[in-house]
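Working from the sequences, and respecting the hints, build out all of it.
If you're matching them up, the sequences are chains H and V in order. Start counting the first sequence at 1; every next residue gets the next number (the working numbering). Start counting the second sequence at 1; every next residue gets the next number (the working numbering).
Since the hints were derived computationally from the structure, they do not count as laboratory data. Treat the hints with caution; some may be incorrect.
What the hints assert, rightly or not - What the simulated footprint calls covered on chain V by chain H, stretch by stretch (three residues with Cβ under 8 Å from a Cβ of chain H suffice, anywhere in the stretch; the number is not a length):
1. 56-63
2. 77-89
3. 210-224
Here a beta-carbon is modelled for each residue, glycine too, at the ideal position from N, C-alpha and C.
2 protein chains.
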Amino acid sequence: MLVVQKYGGTSVADADRIRHVAGRVMNRIRQGDQVIVVVSAMGDSTDDLIDLALQVAPDPDPRELDMLLSTGEQVSVALVAMALKTLGQEAVGLTGQQAGIIAQGLHNKGRISRVEADRVRRELDAGRVPVVAGYWGVNEAQEILTLGRGASDTTAVALAVALGAERCENCKDVEGVYTADPRIVPEARKLKDITYEEMLELATQGSTVMHNRAVELASVYNLPILVTSSMVEAPGTLIRQESELEERNRVRGIAHDTDVAKVTVRKVPDRPGIASNIFEPLAEAGISVDTIVQNSSEGDLTDLSFTMSRGDLRRAEGLMPAICASVGAPEYTSDANLGKVSIVGVGIQTAPGYAARMFRAMSDAGINIELISTSEIRLTCIIDSAKVPDAVRALHAAFQLETAE
Amino acid sequence: MLVVQKYGGTSVADADRIRHVAGRVMNRIRQGDQVIVVVSAMGDSTDDLIDLALQVAPDPDPRELDMLLSTGEQVSVALVAMALKTLGQEAVGLTGQQAGIIAQGLHNKGRISRVEADRVRRELDAGRVPVVAGYWGVNEAQEILTLGRGASDTTAVALAVALGAERCENCKDVEGVYTADPRIVPEARKLKDITYEEMLELATQGSTVMHNRAVELASVYNLPILVTSSMVEAPGTLIRQESELEERNRVRGIAHDTDVAKVTVRKVPDRPGIASNIFEPLAEAGISVDTIVQNSSEGDLTDLSFTMSRGDLRRAEGLMPAICASVGAPEYTSDANLGKVSIVGVGIQTAPGYAARMFRAMSDAGINIELISTSEIRLTCIIDSAKVPDAVRALHAAFQLETAE
Numbered sequence: 001m002l003v004v005q006k007y008g009g010t011s012v013a014d015a016d017r018i019r020h021v022a023g024r025v026m027n028r029i030r031q032g033d034q035v036i037v038v039v040s041a042m043g044d045s046t047d048d049l050i051d052l053a054l055q056v057a058p059d060p061d062p063r064e065l066d067m068l069l070s071t072g073e074q075v076s077v078a079l080v081a082m083a084l085k086t087l088g089q090e091a092v093g094l095t096g097q098q099a100g101i102i103a104q105g106l107h108n109k110g111r112i113s114r115v116e117a118d119r120v121r122r123e124l125d126a127g128r129v130p131v132v133a134g135y136w137g138v139n140e141a142q143e144i145l146t147l148g149r150g151a152s153d154t155t156a157v158a159l160a161v162a163l164g165a166e167r168c169e170n171c172k173d174v175e176g177v178y179t180a181d182p183r184i185v186p187e188a189r190k191l192k193d194i195t196y197e198e199m200l201e202l203a204t205q206g207s208t209v210m211h212n213r214a215v216e217l218a219s220v221y222n223l224p225i226l227v228t229s230s231m232v233e234a235p236g237t238l239i240r241q242e243s244e245l246e247e248r249n250r251v252r253g254i255a256h257d258t259d260v261a262k263v264t265v266r267k268v269p270d271r272p273g274i275a276s277n278i279f280e281p282l283a284e285a286g287i288s289v290d291t292i293v294q295n296s297s298e299g300d301l302t303d304l305s306f307t308m309s310r311g312d313l314r315r316a317e318g319l320m321p322a323i324c325a326s327v328g329a330p331e332y333t334s335d336a337n338l339g340k341v342s343i344v345g346v347g348i349q350t351a352p353g354y355a356a357r358m359f360r361a362m363s364d365a366g367i368n369i370e371l372i373s374t375s376e377i378r379l380t381c382i383i384d385s386a387k388v389p390d391a392v393r394a395l396h397a398a399f400q401l402e403t404a405e
Numbered sequence: 001m002l003v004v005q006k007y008g009g010t011s012v013a014d015a016d017r018i019r020h021v022a023g024r025v026m027n028r029i030r031q032g033d034q035v036i037v038v039v040s041a042m043g044d045s046t047d048d049l050i051d052l053a054l055q056v057a058p059d060p061d062p063r064e065l066d067m068l069l070s071t072g073e074q075v076s077v078a079l080v081a082m083a084l085k086t087l088g089q090e091a092v093g094l095t096g097q098q099a100g101i102i103a104q105g106l107h108n109k110g111r112i113s114r115v116e117a118d119r120v121r122r123e124l125d126a127g128r129v130p131v132v133a134g135y136w137g138v139n140e141a142q143e144i145l146t147l148g149r150g151a152s153d154t155t156a157v158a159l160a161v162a163l164g165a166e167r168c169e170n171c172k173d174v175e176g177v178y179t180a181d182p183r184i185v186p187e188a189r190k191l192k193d194i195t196y197e198e199m200l201e202l203a204t205q206g207s208t209v210m211h212n213r214a215v216e217l218a219s220v221y222n223l224p225i226l227v228t229s230s231m232v233e234a235p236g237t238l239i240r241q242e243s244e245l246e247e248r249n250r251v252r253g254i255a256h257d258t259d260v261a262k263v264t265v266r267k268v269p270d271r272p273g274i275a276s277n278i279f280e281p282l283a284e285a286g287i288s289v290d291t292i293v294q295n296s297s298e299g300d301l302t303d304l305s306f307t308m309s310r311g312d313l314r315r316a317e318g319l320m321p322a323i324c325a326s327v328g329a330p331e332y333t334s335d336a337n338l339g340k341v342s343i344v345g346v347g348i349q350t351a352p353g354y355a356a357r358m359f360r361a362m363s364d365a366g367i368n369i370e371l372i373s374t375s376e377i378r379l380t381c382i383i384d385s386a387k388v389p390d391a392v393r394a395l396h397a398a399f400q401l402e403t404a405e
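Written as structure tokens, this is what we have:
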């Protein structure tokens, strides 16, 4: 079968690991599979390049930043292809441009618009392993566009879809997706499979196993993704469409995030337009707001809370006096030391009892809930940051996630 | 006027120097000039990339090595363009491909075949400073070809020719071309100007100020090159066509090289074909032979000597027994500890007295001459490596090069 294997920065961090990756690809080929390899930049090299840019320019030009950062993946591509050839396997390193990754949009924020797969297919047909640079493509003017942090996953999925690969394998420094972070819950269990939607909620909520856009893209084309270890041979977690036959209404995992700050605008006159008056200035300042909760009104007044990363709080607070004035709110409060914990599973919102069990578990653990937010497959509590590990353990136990499926 | 300024690796070795380069380019633009910038990879980064490749593969694939090494210049290009924009100057970093540098030939040894200058011209017309990656281009299949060490100079000259620039400025960590290496001869004088031919002999013989192919290309198109410091403001050395009016027949400089090894094949039967029998196996082994001298025959036997870099001697010696057998020579000798010293100047070979003065100066300094070799504008003596500094000083004094022109 044809597979796309994507190796992240940790998996190609030095010469030893690059040779290990080459050996791993060889094993697959010996088993009769065809492999396309997608690689990220080595280890911390993208951060090192950003540091260098900031030394030269306090606010680096986005186009030139793309020109700079795209070299990181090109280095990996050349080295992995060399390592494969040294093992006697014909291979060819391909830049984002050579691999036909066509992107559009703004610099640093490109999106893949299509894949011109001729070159990659030609190399495959000639028996060469295409080793493709993740993370970037070119637009119609042949300008380099990077696709955002973590977007090498998206390159891999896009190539797999364009070439009709059977699946995409995301080879990482973890063995798969777990019911909770194993560093917090030692009993956390590796999931055999998970739906795209559950994966999206887990990733968004703090498990950084797989880039969101890659999961979304795979979901649209129903492309299975195997999350697996590049270091040890072990079964991974298969991300795939929900099976009609499987049992629904189960909590699949606990996600968490300890980096949450909250602002509450107090006593906002409850009339149309207040939400846009509050969130437009924040968006213009580039502050990414996460959860938004509007509490029940007291008479004509309502409280509106929203969360963000801690790093954005100071800038948000700078804007709040003007925002409060514009909506006629007398005051706002903020809290920088929050976190969140979520239970994730298809169907849990519509099924009775999950919310109650979650709140009971939190209460039994002595944890106060600041905000509650829900999606179709997720229930989230915003809590004191310091209580997050306790909450994850309490929920993992309450839903008996340590028990095999 | 339109100029191409080339900055070498030392000139862009860190963020401070890159900002300095940007400031220097700005100064030129404020004076009303149009500038195209060509840059090398930062400091030792090309060597670092080669080290990395050797860790991954003992004999890195040439195509992938080009893929790897070309990133070095791309990093510099992005950073210099960022630095210019931070100063308020519109600029655009261009890869070898985007700048239309079309190359042909083998990987690691590409040659520029033409420059498709449309993009660079368009950027200039729009008021943007094109910052172009030296050292590499792409072939017709859009594959990356590097042009050999030091070939960023050649990129700069090729761009200058293609765009009709008034001159190319090679901005370096030295202030120009000197009558001899100032580290050996403190009285060495910076030359105001020098012909292409003299520059070629000086460079080949050990002054590594400017890449040979760049000088040759400039000579064909009669493009003046100014060698100048990127660090201090000082007049440099102009490399240009010989002026009819100027005084010829002068020694312009002393070149030297302390890395010379010699092999002498003794008592070779003097018949057609012996030279090819000797040099073909060496060439096939990738050994670059420099000076070749066939001494006068004793009867039907001749001695044939040739020199190379010390690093090639061991491999050459490995081939010598077979070579001696194939030409019927009973033995060979070798010497690893030689150097060479040359006097360079247009017309000196045909003018009487220069050779005699050179040999007298060597004799007065007590230096034994092993081999003599000449070109139209050069006289070279191969001598004991340890004596090279004394020889350079003796010749500099004998030809009174410390005196102003």
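Cross-check of the supplied hints:
1. 56-63: Held - the segment 56-63 of chain V has 7 residues with a Cβ nearer than 8 Å to chain H, which meets the minimum of three.
2. 77-89: Check passed, 8 qualifying residues.
3. 210-224: With 0 residues in contact (Cβ-Cβ under 8 Å with chain H), the coverage given for the segment 210-224 of chain V is violated.
The earlier numbered hint that this structure contradicts is number 3, and it is the only one.
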